[in-house]
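**Q** Listed below are the residues making up each chain.
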Amino acid sequence: MARFRLLPRYRQPWLVFMLALGALLAGESAATAPSVPAVAAVLPEAAASQARMRLLSQEQFFNSLGYVFGPDIAISSHFAPFRRTDGLLASGAAAAGVTIGQMQEFQRTAGAIATAVVSPANRGFLVPCSPRHEDAADARCAARFLVPVARLLHRRAPTREQQAALVATAGEAADRLHDFHAGLGVALEGLLLSPETLFMIERSEPDPSHPGLRRLDGYSLASRLSFFLWNASPDEELLKSAERGELHDAKGLSRTLDRMLASPRLETGVRAFFDDLLRFDDLAVLAKDPAIYPAFSGETVEDAREQTLRTIVDHLLVRQRDYRDLFTTRDTFISPALAVLYGVPAPPGWTPYTSPPDSQRVGLLTQISFLAVHAHPGRSSATLRGKGLREKLLCQQVPRAPPNVDFSIVENPDSTLRTAREKLSAHRSNPICAGCHKITDPIGLALEHFDGAGQYRETEKGAPIDASGTLDGKAFEDVPGLASVLRDNPLLPACLVKRVYSYGTGGPATPADKPVLAWLGEHFAEDGYRLPDLLRTIATSQPFSMVTDPAVATAAGSAAPAVATSAAAGAAAGARR
Amino acid sequence: MKHPPPPRLLPMLGLLLAGFAHADSPDRPTGGSIAYVLTNMSWAMQSTPGAAECPKGLNEGTREQFKQLFPDNGTKRSFESTQLRREIDGFHPTIAAEPFVYREGEGPVAPGLDLDGIAGPEDFRSPDGHGGIDNQMHRVLGCTANYRGPDGPIRFFEDEMVLRENYNRVVVQLGGVDSLKDDDAVEVRIFRGRDKVLVDAGGLKAVPGGTQRVDLRRGANYIREMHGRISGGVLRTEPVDLLYPWDVFYFPSDQYMYKARLELTLAPTAATGLIGGYVDIETWYLHMIRNWSTHYQSYGNSSAPSIYKAMRRLADAEPDSQTGRNRAISGALATVFTQVNIIEPDPAEYAEALTRRRIAAPYRGMPAERDPAEEQFELPASTPAVAAANGGSR
Numbered sequence: 005m006a007r008f009r010l011l012p013r014y015r016q017p018w019l020v021f022m023l024a025l026g027a028l029l030a031g032e033s034a035a036t037a038p039s040v041p042a043v044a045a046v047l048p049e050a051a052a053s054q055a056r057m058r059l060l061s062q063e064q065f066f067n068s069l070g071y072v073f074g075p076d077i078a079i080s081s082h083f084a085p086f087r088r089t090d091g092l093l094a095s096g097a098a099a100a101g102v103t104i105g106q107m108q109e110f111q112r113t114a115g116a117i118a119t120a121v122v123s124p125a126n127r128g129f130l131v132p133c134s135p136r137h138e139d140a141a142d143a144r145c146a147a148r149f150l151v152p153v154a155r156l157l158h159r160r161a162p163t164r165e166q167q168a169a170l171v172a173t174a175g176e177a178a179d180r181l182h183d184f185h186a187g188l189g190v191a192l193e194g195l196l197l198s199p200e201t202l203f204m205i206e207r208s209e210p211d212p213s214h215p216g217l218r219r220l221d222g223y224s225l226a227s228r229l230s231f232f233l234w235n236a237s238p239d240e241e242l243l244k245s246a247e248r249g250e251l252h253d254a255k256g257l258s259r260t261l262d263r264m265l266a267s268p269r270l271e272t273g274v275r276a277f278f279d280d281l282l283r284f285d286d287l288a289v290l291a292k293d294p295a296i297y298p299a300f301s302g303e304t305v306e307d308a309r310e311q312t313l314r315t316i317v318d319h320l321l322v323r324q325r326d327y328r329d330l331f332t333t334r335d336t337f338i339s340p341a342l343a344v345l346y347g348v349p350a351p352p353g354w355t356p357y358t359s360p361p362d363s364q365r366v367g368l369l370t371q372i373s374f375l376a377v378h379a380h381p382g383r384s385s386a387t388l389r390g391k392g393l394r395e396k397l398l399c400q401q402v403p404r405a406p407p408n409v410d411f412s413i414v415e416n417p418d419s420t421l422r423t424a425r426e427k428l429s430a431h432r433s434n435p436i437c438a439g440c441h442k443i444t445d446p447i448g449l450a451l452e453h454f455d456g457a458g459q460y461r462e463t464e465k466g467a468p469i470d471a472s473g474t475l476d477g478k479a480f481e482d483v484p485g486l487a488s489v490l491r492d493n494p495l496l497p498a499c500l501v502k503r504v505y506s507y508g509t510g511g512p513a514t515p516a517d518k519p520v521l522a523w524l525g526e527h528f529a530e531d532g533y534r535l536p537d538l539l540r541t542i543a544t545s546q547p548f549s550m551v552t553d554p555a556v557a558t559a560a561g562s563a564a565p566a567v568a569t570s571a572a573a574g575a576a577a578g579a580r581r
Numbered sequence: 069m070k071h072p073p074p075p076r077l078l079p080m081l082g083l084l085l086a087g088f089a090h091a092d093s094p095d096r097p098t099g100g101s102i103a104y105v106l107t108n109m110s111w112a113m114q115s116t117p118g119a120a121e122c123p124k125g126l127n128e129g130t131r132e133q134f135k136q137l138f139p140d141n142g143t144k145r146s147f148e149s150t151q152l153r154r155e156i157d158g159f160h161p162t163i164a165a166e167p168f169v170y171r172e173g174e175g176p177v178a179p180g181l182d183l184d185g186i187a188g189p190e191d192f193r194s195p196d197g198h199g200g201i202d203n204q205m206h207r208v209l210g211c212t213a214n215y216r217g218p219d220g221p222i223r224f225f226e227d228e229m230v231l232r233e234n235y236n237r238v239v240v241q242l243g244g245v246d247s248l249k250d251d252d253a254v255e256v257r258i259f260r261g262r263d264k265v266l267v268d269a270g271g272l273k274a275v276p277g278g279t280q281r282v283d284l285r286r287g288a289n290y291i292r293e294m295h296g297r298i299s300g301g302v303l304r305t306e307p308v309d310l311l312y313p314w315d316v317f318y319f320p321s322d323q324y325m326y327k328a329r330l331e332l333t334l335a336p337t338a339a340t341g342l343i344g345g346y347v348d349i350e351t352w353y354l355h356m357i358r359n360w361s362t363h364y365q366s367y368g369n370s371s372a373p374s375i376y377k378a379m380r381r382l383a384d385a386e387p388d389s390q391t392g393r394n395r396a397i398s399g400a401l402a403t404v405f406t407q408v409n410i411i412e413p414d415p416a417e418y419a420e421a422l423t424r425r426r427i428a429a430p431y432r433g434m435p436a437e438r439d440p441a442e443e444q445f446e447l448p449a450s451t452p453a454v455a456a457a458n459g460g461s462r
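Protein chains in written order, with this note's numbering: chain D, 5 to 581; chain V, 69 to 462.
This is chain V alone, in the form it adopts within the complex (with noise of 0.2 Å):
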């Protein structure tokens, strides 16, 4: 194979190129370069139709949980004490034990990547055989109605909304491609497009050869520059730190996941696969947080500050350099890209917009955390003992 250019080269040979989008074999795109742009997004994990990976059955829900609380038994209380507290434990989350059973996602098999290279004792099996998935986001969501697939009501928005809100718009572009099939070295670029994606006459279905430009002016911190090689047929990146965005009900918001690593089946209309990594646990959950109000919540049962000392009990990388928690937990996005076309920006302003990337967590939690020993939890004498074995952080 030809050496691919450098990623900086790319919006030249871009330029160059423009027009020239379509394959002139299956296998080979025209220019060695190809781009796809974000269609369908959720956390990956595994959902069957008996819910095999959930033995202790599904969690209750933020509703069913405050009638745990606040029984129905003539007690007077201020809606200070009831509702926004518990709008204080989810805005203000913390790490304290809460006496609800949370059910976590179980193994043995969990679709994900490898993180890692070692297969640990939590580490799941992939639904294709590979062992060593590194995926506590399974644990953490899998059990939970509104994550679940195929139509979990979150997972439902916030993949909808991949599609139809403009912020949302991430694009993957592969330069130096020799071959869709097996290449051992292509150059990829992440960016967030400005586009609005093409849809089909029905308007829900993506369709392949739209156009994408690639947002400098507020999209600069979502660039990366990366290597990967295909085999195959299919894409492995090498690890980057990636900033993503996911507006949710023109709520716009940003995700961020350490050492991502994309692995992608391509094709020359759409590229089908998994976005890996370490996701930043309060960027996730001011995301949360933000989107999805007790309402939301209320849907399919899940409950914000459980979710939160879940994640913070499972997390399995980045340890914070004072406490030695960890502020990071593996896991996956289950992803669709549609091949679109793109327009390269100039070489000059593409760069300099690399100038004012910053390549960080955009959130690391409120300023002052809240002290675990506020959140305070007493339920009724009548309310069945249930274990605090939730407590704590690893």
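The following block holds chain D by itself, in its conformation from the complex (with noise of 0.2 Å):
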């Protein structure tokens, strides 16, 4: 396996593989877990984000292409997906290797897009100028096309070096293949290629309002912003803000931050964060019987993601309410797919829709994507709901179930307990399995209403539901109880906040960080629990820009790398083995 440099100052594999195992328990330790100050936070003055280098998701990917070459752009492509870790795939980005399978598909997929943008039907709007002559190099028309895609593909301003090393690629390969797209294509796919591209390298410089602290650059500001909102590389506009210094200026800075969380591509980045949050991505393998549940088909899969998704977008976004309202809110949208499990009528596409006064249905949890993930595909699960609610919204971590648990209590069909409470009161006397099941039943089992499917019943094999139960001490009767218990767990902001932080800074939160988070919430509940202003608060406090961990600025600047074609790009894999 190839594996690029994860922080460059740590050269031995063991030793990253360390650091990022104690990252990730970290991140799931007591010292981190989301708690609410009992008195006001204070920001410690040195507080830092550590500075990383991240892969690209293909998401990242693609959203960047789309900016530089337009949406039609696109390319089918399986980029090998990050390991999650504390509650975020995107915190797994800074800690993923690459192998070569990897790579060559990451190949594929230059070769593919760079052979699209130079193709006769798209280099008349994509390709700026043309050759003196088809079948040769042409070094000034490659500049005029090379040289500003190269600027965005990696994020900051290319070197003179860099800029003539792409020319010469282009020149080189045109006058060997008699044709000067070919050549500007084989020059562009190298720049795709390029570890410049794929990964995004924080770099750092002195801070000169904190002598002795270091802050990230300005071009490394911009693509973490833009990542953080937008989940794509910086627009022309922000790059230029970062080359004015503006991104360093309080008043620019927040110049910058009206027009990007004005933008129309904050939906994208909300929608990617909730989608790594909420874990979607187990949505792509998730099958129901169909013997059991008939309506459940992949279509609403696909739909059930998309309700969570819009429901957020319009909730916090839209509308910009209370972040904890999400979990009481009746409102929503649905599909014909979604209805059909919902026993209500719904035209074709999406239709707002709000549950009435006197129903179950009620915010996040009694949504199909929540319900139908946590449960099994013949069968609901109060456990994994309740270890569902606890690890995605409050932070928490269930520990798994032994190997040699005995489930037949629960999994007998034939049994005379009918009601999940039956049987999961019966699964508990096993001391062993009680543990984890007292912090995840008395949750999960107030949703048993609602079948494998997301279906909603009155009744289990003819008994009547027993929904109530309590969460961290609070007592609840029935599914909106377990809303409203939720909706005011302070956990539930507090996780948020956690999660926030990780995903724009790009790694999980350390024990460092406690009173960051503590700061953070604090301002998140004085603005009323909205999003926009937690993204704003974040972007805008002293520890997203300032960084630690120095080395990885002076080794990457020193050694930043010349602008790669493949070939150099497959070499510099192999240096890194």
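A couple of the hints might just be wrong.
[Claimed, not checked] Think about it this way: if two alpha-carbon atoms lie no more than 25 Å apart in a straight line, the pair counts; the simulated DMTMM-like pairs of lysine to aspartate or glutamate are: (1) D:K396 <-> D:D279; (2) V:K273 <-> V:E228; (3) V:K135 <-> V:E155; (4) D:K465 <-> V:D95; (5) V:K327 <-> V:D315; (6) V:K249 <-> D:E462; (7) V:K264 <-> D:E303; (8) D:K518 <-> D:D326; (9) V:K124 <-> V:D219; (10) V:K264 <-> D:E310; (11) V:K144 <-> V:E443; (12) V:K264 <-> D:E306; (13) V:K273 <-> D:E303; (14) V:K124 <-> V:E190; (15) D:K442 <-> D:D410; (16) D:K465 <-> V:D268; (17) D:K478 <-> D:D362; (18) D:K244 <-> D:D293; (19) D:K518 <-> D:E49; (20) V:K249 <-> V:D182; (21) V:K273 <-> D:D326.
Simulated from the structure, these hints should not be mistaken for laboratory data.
Hints given; two lone chains; assemble the complex.
**A** Structure below.
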């Protein structure tokens, strides 16, 4: 396996592994578990995040290309997913290895994109000039195309040496292939494959306002902002702001954030974050037994994901409402594939839908995306639902079941025990099982009014369903009661703060981040738990731009790679094995 | 029971009830309303495995007739006088006698409804023992392989298209229902839906709980409102003249049934049973000849001109005011409906659509019918003589 260096100062793979593992464990430790400060939190004077080198996700890669070349340049591709770290795939991007197989996929993708961009159908509007001779090199025209593209793909202006190398590559290939545009394609393929494109490499510089400390340089801060808010590379305007030094100026940064938060691209970024937070990658492998749930189809899965993301975008961005109310709102959107599970009519497409006041369908917990994922193919699961709630929404860790656990009581289809509550009660008689089930089942049983596909039911096998329970000492009687208790649980917003901060800074929070998280949590509360305000607070906070690990910056800065052709990128990969 | 709301008020009521379509008990639909979308339909006829209803055997089709008319004996014939001529016989059928044996479905048992309340000599007894069944369509199609159950090719395709083709989206909606078991007065509305039928993950089986909107723009002619009663879980409606869509292979067409009535066994998730009435022959035949080319007729030994002559010969209703010849024939459709939720239309738009509705058979045949004398049959001398007893009309 070819492994790109992760943190440039740590060249030993075992050390990288141990650091990554340590970060992973630290993310789940009690030291960073969300908590609500008893007194006003103070941001430490030297609060900083880590400068990181992150592999772009497939979505980030194509979102970025969409800005540079337009959305039509879309290639079917399958980048390997990251390892979920402290609740987020995004936090795994800084500890990602690149296998030979993945490198081949990058190369296949880059080649296909380059071919499409310089194709006769597209070159007329994607290449800003025509060569003097179609069958020969033209350095001037090549530079007019490659230099601006390199700037956008690398998210910083290429040096003169890099520009010269790019043009030389294009010229050499054009002469050899007797085709200017083919040469241009070779150079573009190399650009797309270069580490500067595939990785978000954060570089730092001394912070003049904090002597002895370091901050991200303008380009790196622009990239961090852009991937945080838009899940894509910086646009031209953001790069210019970085070049003018505006991102290190409070007013300039504020103006930039005004623009970024008002951009329609913010929805892309927010969707990406919640897609990650709620682990919707699990939906890709979700299936239900068609004999038990015939109305649950592949379309249902797609729409379940879209329903939750639409609800979130509408609630948090369009209406700018309290994040906590996502779990008590009766407002959502519905499609025909979901309507059948809701037992209501719905026209084609998406329609706003408000559940009746006496309905048990309230908040995100009662949406299909939560209920069906946290269930078995043929039945519901109070345990999985309780576990899902604690881990995804409260940032708590529920231990895995021991390998020798006896499930016979809950899985026996001929059991005299009819409801899940009866079965789990019997299951908890085993003290080995009781420990974890005590923290999951009282929550999950409240959702037993919804079967494994998320359809409402009054009874289970003829027995009435008891939906009462407790969450962290707060009692409730039914699903709306659970939603209300969850909504008022202080860990709910604290968990979001932790995850958003981790997402924005590119890695799991560490124990050192605890004061920062407390400080952000206070601001979040003061701002009425509105997500756009939280995004702005994080983006303007000191630790978002101030970084530790100066060796990253100096090492990366001095060894800034020349713009690589595909061959050079391959050689680079080999050299770092 | 409460007096049900008049049909025109159903849309308004439905708006209030949208979202409560699930039954609050197995027998009583919430809000007194439930709807079903048509998901299976075929001509009701007796089709026993041994074809006991066809003691003379099954019919020959267009391919076999062609061989009789034009044997491969060295005679030189033109395309116009052979293939094209038989196409003309199909597209411009007459009631002239033909020299082929037509084997009718026989009794004593055939499914259907007692449409006239009379137990006549040609009536059948239903499989469950009811007498007076009017189903002359069984006689016409009962011994033609294309239409016989369970898997005659045309029968199979026509049934399949009910689900697949949006054009065929027939919905039956009941209002004022106190119980799916017994209610002596319910309101019934039939209309065309606008949406795909919800199917399971396999894509072939309809699933209850889908959604349908009412087609008011192009579907006004399909809307019917009638009274009915439920007894022992079976809905029976008063007769209405019914227009229903039956697109096959993307070729939209409609059929028309005089004095049609529904007899459906109701359940919370499905309704199954018969739609019986008098089929408008010209409309039915237009559908058949346009949708089922000679190619498809050959799949299951059917011959369009022969079927037309049989229909006209066995027709038992709607006599023509000038000729006195019957233009409709008794028959029944075996149907399966699946529960569906309805998005009610705007009442004003619904009322406006009713003003555009035209209740009449959509097709009355060619403006100038072909002279039967033009349809000549000259079988070669070597062909065994066949009775011309099939000729003439009633």
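**Q** Work down the list of hints and note, for each, if the structure agrees.
**A** Results for each hint:
1. D:K396 <-> D:D279: The given pair, whose Cα atoms are some 11 Å apart, holds under the 25 Å limit.
2. V:K273 <-> V:E228: Within the cut-off at roughly 11 Å; holds.
3. V:K135 <-> V:E155: holds, 15 Å
4. D:K465 <-> V:D95: holds, 19 Å
5. V:K327 <-> V:D315: holds, 22 Å
6. V:K249 <-> D:E462: holds, 23 Å
7. V:K264 <-> D:E303: Holds, at roughly 14 Å.
8. D:K518 <-> D:D326: Within the cut-off at roughly 23 Å; holds.
9. V:K124 <-> V:D219: Holds. V:K124 to V:D219 sits at ~21 Å (cutoff 25 Å).
10. V:K264 <-> D:E310: The given pair, whose Cα atoms are some 21 Å apart, holds under the 25 Å limit.
11. V:K144 <-> V:E443: With a Cα-Cα distance of about 21 Å, the restraint between V:K144 and V:E443 holds, given a limit of 25 Å.
12. V:K264 <-> D:E306: This hinted pair holds, its Cα atoms lying about 18 Å apart.
13. V:K273 <-> D:E303: Distance ~15 Å between V:K273 and D:E303 Cα, so the pair holds.
14. V:K124 <-> V:E190: holds, 18 Å
15. D:K442 <-> D:D410: It holds: about 17 Å lies between the C-alpha atoms, which stays within 25 Å.
16. D:K465 <-> V:D268: Between D:K465 and V:D268 the Cα gap is close to 23 Å, so the pair holds against 25 Å.
17. D:K478 <-> D:D362: OK: D:K478 and D:D362 at ~22 Å, within 25 Å.
18. D:K244 <-> D:D293: Distance of about 54 Å is beyond 25 Å: violated.
19. D:K518 <-> D:E49: holds, 14 Å
20. V:K249 <-> V:D182: holds, 22 Å
21. V:K273 <-> D:D326: violated, 43 Å
Of the hints listed earlier, those the structure fails to meet are numbers 18 and 21, in rising order.
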